[in-house]
Amino acid sequence: MSYAISVNGQVHHVEDDGQTPLLWVLRDTLKLTGTKYGCGVAQCGACTVHVDGTPTRSCTLPLEVAASARITTIESIEGVEAQAIRGAWVARDVPQCGFCQSGQIMSAVALLRTLKTPTDRDIDVAMSGNICRCATYNRIRAAIHDAAAQLGTAR
Amino acid sequence: MTPILQPQSRVLSRRSFLVTTGGLGIAVAFGSVPDLASGAAMAPAAEGDFRPNAWITIGVDGTVSIISPAVEMGQGITTTLPLLVAEELDADWSRVRVVQAPSDAETYGNPGFYGIQLTGGSESTRGYNALLRMTGAQTRLILLAGAAGMLNVPVSELETEPHRVLHPSSGRSLDYGEIAARAVLPDPLPQATEADLKQSHRWRYIGSRTIQRIDVPSKVNGTAVFGIDVQLPDMLYGAVLRAPVQDERPETIDDAEARDVPGITHIVPLSYGVGIVGETVEATRRAKDLLNVTWSTTSRVRNYSSQRLLDEYRAVGRDLGQQGVPAHTKGDAEAAIAGATTVIEADYMSDHVAHATMEPMNATALVTGDRVEIWAPTQGPTGTQGFAAEVVGTTPDKVKVNTTLLGGGFGRKAEADFIIDAVSLAKAVEGRPVKVIWSREDDVRHDKFRPLEAQHVKVGLDAEGNIVGWRHRIVADSIFARTLPPVFEEAGGHDDVVTEGAKFNYTVPAHQIEYLRQDNGLAIGFWFAVGVGYTRFAIECVVDEIAAARGIDPVALRLELLKDQPRARKVIETVARMAEWDRARDGRGLGVAYSDAFGSHCAQVAEVSLNRDTGAIRVHKVWCAIDPGVAIQPLHIEAMMMTGITNGTGHALFEQINVIDGEVQESNFDTYRVIRMSEAPEIEVAVVPTPGSPFGGIGQAGLPPTGPAIANAVARLTGGVRLRHYPFTPERVKAALDI
Ligand code: FES
Ligand code: FES
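Read top to bottom, the protein sequences are chains E and L. 97 is the number that the numbering used here gives to position 97 of the first sequence; each next residue is one higher, with no gaps. 682 is the number that the numbering used here gives to position 527 of the second sequence; each next residue is one higher, with no gaps.
The shape of chain L in the complex, shown without the other chains (with noise of 0.2 Å):
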């Protein structure tokens, strides 16, 4: 839990104000007019401005201005956390406009994550929100303070509603925007304590069923401006032709038939492929695809077959000899499990899985000297910044980033590569802005896919079917010694997102988690739930197998293992009372599964069927509870509920990428195959929050429980057929169902 600071605030002008915790400011600034069109939800930051110098302002006509320091990808984050400061300020929502925040870390930067300005592992909410709450307490401190003089009254006198200080005696009341027009900031400032924060009984917009997203008008209309959509004036196009396979270089470049299209401006040979710029994005592709490489052949990544090093995987995560990295340790647990009376042991799988947002990735870049600026679709404006001035040979303060909407993100958009193409065409043709877009080919070849991974689970039990020991081996690549290799040192080699979701909650008196890192060349990234969606997999069947080798009900033994775990016991026991867990279905098998991770308790049941000719399961219907300590936006939350569902459905069913001899086999939507409708369970979600608990995190909540809420309920239709390799695909399942 992010502990709510304390805050200082110190006049900065007549006008302005700042507003300190932590080491991080938020500048709140009066009487300014905004610098947006009148009725823009959303709006970039205020041009040739590098670092605005108000999070906050109240403009003369009441309009309050507030940056959103995290980008939207269809989290809901510029709804959410602009929300938590009107509401703390006691303003009126409608007359509240939001503006991206530009890059800069050291003022936007995430408390709670590395003081990094990223967006992701579902830490903007559990961040930001004291600093953003405690923000709008004294800001609305600071207005009472002027309206009192303002209204010759003592401060005790007055109070607020919305977008107004009342004086009640008096019948007296002055508008927000009259204040910040007229008010003098007394000096020195009142200062704001955790006790001036709202009793969440006053809350008017944390938790209410009818505050919309601000993202959602232009949506629906072919307005909201992508990376993809930048128009800039004598903007050019570019493509990348890419290395078949990973970190090989092009060796010689035939680009005679490249040329000679129509409307190609510039051939760009780069260190890892092959650039073109041209008029149009058809003369790129055009190009692109006329052009004659050949490439070296000389990485490692030749030798990467997925399958086959799954198979080495599983071996070495079966190989108890092989000593791994400690992630966890409670007590002796192999000891406690060599004296079980029982022991249950199992291998889980999975397969490397893609992105594929749905707006591929892309970035327009214009380079002018030693200066760069960039559009671009990035969950991580700093980490770009510092990319695309090593590209240019300058320093990441003469690079502005510009973060427009991003088509989905899922960890794929903190990455760079995109960037580094539209920087490096950028800069070889000076002066000019350059788009790059990448084609879903490419976007799906050349993705940071989830690990490949393989876990060996291996608990014992006693004569009474309780859990000795519990040993959790996890068998994959690291994605930290690639993109963060200080914190991989620093951990001695352990890889925190990678085993992400191992820890729990249930209560076992020993516990081992070890991770075995593989490394074997192919870059690996942050998906949807990163290490959770597969960890809590294992462990969620294995909670099944426990309890099918006890001979008791799934819902019955979690409730027991969490025995002092109210919230948690919350969500499982409102999830099957939705799904009506004890009412048998013809033909259907019923699963549950319950993750803790992100600070939000989740539980699901899946109900499925199966085709035992065919292989093929349908999931029919999935219930979800869901506690995420303080529900800001209950809609919002269905809404993320349900996209971790169904792709939490399409991933365990569906979603495989097969590496060959370095060579990535899916190319597009035909082969890498994604939820459709027609295949999208029915989904109902109970939101049911936690009064006086922290906030949690919510987009990436929803995926962990489903894969195993389907494995288990699958289990339970055949008499324990166990699948235990995602994705179960209709093969995999005829073999499970034929031993």
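Pulled out of the complex, with its shape left as it was, chain E reads as follows (with noise of 0.2 Å):
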């Protein structure tokens, strides 16, 4: 079947079974390969992706359901936000092997544009989705700490 898909602002028109989790879709149909593949149900967070602004696991999200929504993936996830947590993620060089860092971003950027200021606790409740197996998660923490000043500052 043929669906439009609205993924980075932009429309696209794909031919696949509905059924086909959203992921597959944006790495092969779409050549996003920037959003990954790391468990296939919605086990470690590496395929996060917005969906209509809410971080979602697209591993399990089938191509019929996604079709009605916005997704936005790293490749374009813009704002005040995005800018601030890709900064801090440099400056504190929080990838390691980085596989698991798209999925870590997606999640990061939309606790940040929930919660102004997160806790510690918020982190835990909004990151433990994101396993990574190169234990990156104390600088991710500090890192989501480092933009959420930055941010408040700015504002």
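It should be emphasised that the hints constitute simulated quantities derived from the structure, not laboratory data. One or more hints might be untrue.
What the hints assert, rightly or not - Some chain E residues close to chain L (C-beta under 8 Å, calculated; not the full set):
1) M1
2) Y3
3) C39
4) V41
5) A46
6) T60
7) E64
8) V65
9) S68
10) R70
11) T73
12) Q101
13) D124
14) C134
15) Y137
16) N138
What the hints assert, rightly or not - Residues from chain L shown here face chain E by an in silico Cβ test under 8 Å; the list is partial:
17) G229
18) Q367
19) R368
20) V371
21) K374
22) G377
23) T378
24) I383
25) L387
26) E545
27) N557
28) I592
29) L714
30) E715
31) D719
All C-beta atoms, glycine included, are put in the ideal place defined by N, C-alpha and C.
With the hints as a guide, dock the two chains, each given alone in a separate frame, to form the complex.
Structural data, given as structure tokens:
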């Protein structure tokens, strides 16, 4: 079947089975490989994208459901929060292997959009669905605090 | 320590020269325009060029490109190794570009690691540093000589600042790019010696806290290319259904339903499973699920049940009549223990653990006639060439390997099973590339786990509490018997990596380490820190058991056992100070552990609490002091310690693979539990290098002390309850509390 799907502000017409997870449509049809496969069962967060602004695991989101929403991926997440998060990530050299980091960043940006000054507890809740096998957790936490502080000063 | 090698340099052409040390040569070329997109921090090796002729090129625009012989899996090595060249070359780091080495062991093999091109064992910096630093120094001398000719002044009047040669008395200077473009190489070349290496106080980059990893920017915007991201024109996707039990073969294959899945192009029977090739990942997965295969039932792995075997291993460890292969013998430990006043005897064990690299196993291959091209996140390009050649029936020199970034390695990506999948399927559809991506379930079930192991430690103390003899028996299967049979045989049936870390630097008059191999058929592999991850668990806990038996402080005992080891004492004293070791905490316990593995000294203190009702352990904080010898990138060393400590916590508390009748019970992150953000301890790291000491390994050094520090903390918190079996699951903790 053909689906019109809005990704990063652009509408694409995709010919695929409606049950195909959005993840593979993004990666292989649209060549947006920044979104990663890590588990396929919503356990690791590597595939996190924003669906109408909400962080969502694209590995379990069928194309037919995604087709009615606005999708944003790591390649074009924008805005002050995204900028602050990316800046903090680079300043602290957060990534190691980097494979989980697209998902981490998508979750962190969504967190800062809902909570201006997240506490450690807020961060735990928002980020514990994102596994990092290189265990960059402590730098992720610090970078989220950095980004929040920087946004606070900017405001 | 790798000795500083004496290089020999000779002119190769008008524009290039070769620096040779101990059989390995580094070619340096001047004046070429590097084949790199501007601004790309990391580029693949030049297309179609199986053996680029230079490791280092200095372009006419002054861009210095340096090949990284080791692969990047998050350990920062593609920054570290080129940085060492840049340091001695006195290059401006912002004008350096790093290129990933192609597969070519003859050119890029690690001189300190059997000459093979395999990134692992925390061996890269230790193996390559002397060669790279000498090449940097040699190249700087040649730039100076070239500049002397251009400026018509003696070399002795010249000096360098980053990327420039200066002639202070006339105020003239030349950029490295200008020299590379116009200089005529002197013949004979000046020859660098160890005296030309910078003294440590002149280092600009080594030890700097402002150098950032080159791979980071691409990892925050989705542009980093891992193996799984490789996209090629005309590419097909592949999946492989593997036998539920290792070494079984498909006997009957009913693929009627699988073939009907739209987009499926080929079903490929393999000796070890059934391959599917199709137009999309999703199609291959659906088809894989629809295969009906009956499997042979002859594999001896069907008898493999991990908990039962572990009981057997423990019994073997205790049965001192069973002789092991001697791994290390100093004095007569058994006789010394026989005459001891006090004997401490304990069994330590660990279950299998899985790698679960965040990027699952995957590879892309293209077979054209007798040529193979591979794109893969591999730790071992040399091995990859060999295995791929075997599948296709060609020779390794016809196999080109493009190494991508690795989304985690931890030893798993030194294996070749995922490469063999891709090459086997690509062979079946010759002319079109095939990308195989393992499902996470397959990645866990068909991992090469860390060995299941039991250790028996027996220590004798005299009346004053001095250690008189130490016996350490390690009972496990072998990794080398499968992966490097000649090495295993040459060592007389001893496996260096399985018993790694059992040898320590504590002073004991008699020490005996034995290895008792248990061959039960299940393939086991290299995991983060390999043997050190469990041998130090046993050793460091037993040291605390000795301290408890003597009624003395565990930190004090370690310092006593390391009297003549200043670097060891320094990290232990530092970490004790950081953790305020002597300050009692309400409801929490502190435990200490130390390791000198991988050429680095690392001491940690863990602060834990325990829920006695549920048996759950919480690790609140870990302090760490690390002496890596030379701290090339201190920030990155801190990061690697955090990786080791956090995973060290996770594997001590949760990680567990159970095999029953040859079938792995866990399959995804819902059943194979790894540590998450909310469970990660707070961590404080002090990097305390020792000037003038050799370069130590860093990748794995942080993990071994964490588990024993946790166990030792629990023992101190509970008045001596010992946890001796990884992982410390709540059930095991409660069982230990009940005894
Ligand atoms: S791949 Fe979607 S959550 Fe793991
Ligand atoms: S950076 Fe490697 S998995 Fe997170």
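Structure-based check of each hint:
1. M1: Violated. Min distance 11 Å.
2. Y3: violated (14 Å)
3. C39: Holds, because the Cβ-Cβ distance from C39 (chain E) to chain L comes to roughly 4 Å (cut-off 8 Å).
4. V41: holds (6 Å)
5. A46: holds (6 Å)
6. T60: violated (12 Å)
7. E64: violated (13 Å)
8. V65: violated (15 Å)
9. S68: violated (20 Å)
10. R70: Violated: closest Cβ of chain L sits about 18 Å from R70 (chain E), beyond 8 Å.
11. T73: holds (7 Å)
12. Q101: holds (5 Å)
13. D124: holds (4 Å)
14. C134: At 5 Å from the nearest chain L Cβ, C134 (chain E) passes the 8 Å test, so the hint holds.
15. Y137: holds (4 Å)
16. N138: Where the cut-off is 8 Å and the nearest Cβ of chain L is about 6 Å from N138 (chain E), the hint holds.
17. G229: holds (3 Å)
18. Q367: holds (5 Å)
19. R368: holds (5 Å)
20. V371: holds (5 Å)
21. K374: Where the cut-off is 8 Å and the nearest Cβ of chain E is about 3 Å from K374 (chain L), the hint holds.
22. G377: holds (2 Å)
23. T378: Constraint on T378 (chain L) satisfied, holds at 7 Å.
24. I383: holds (7 Å)
25. L387: violated (12 Å)
26. E545: Since the shortest Cβ distance to chain E is 29 Å, the answer is violated.
27. N557: Violated. Min distance 16 Å.
28. I592: Where the cut-off is 8 Å and the nearest Cβ of chain E is about 7 Å from I592 (chain L), the hint holds.
29. L714: violated (29 Å)
30. E715: This interface hint is violated because 33 Å lies over the 8 Å limit.
31. D719: Check failed: Cβ of D719 (chain L) comes no nearer than 35 Å to chain E, outside 8 Å.
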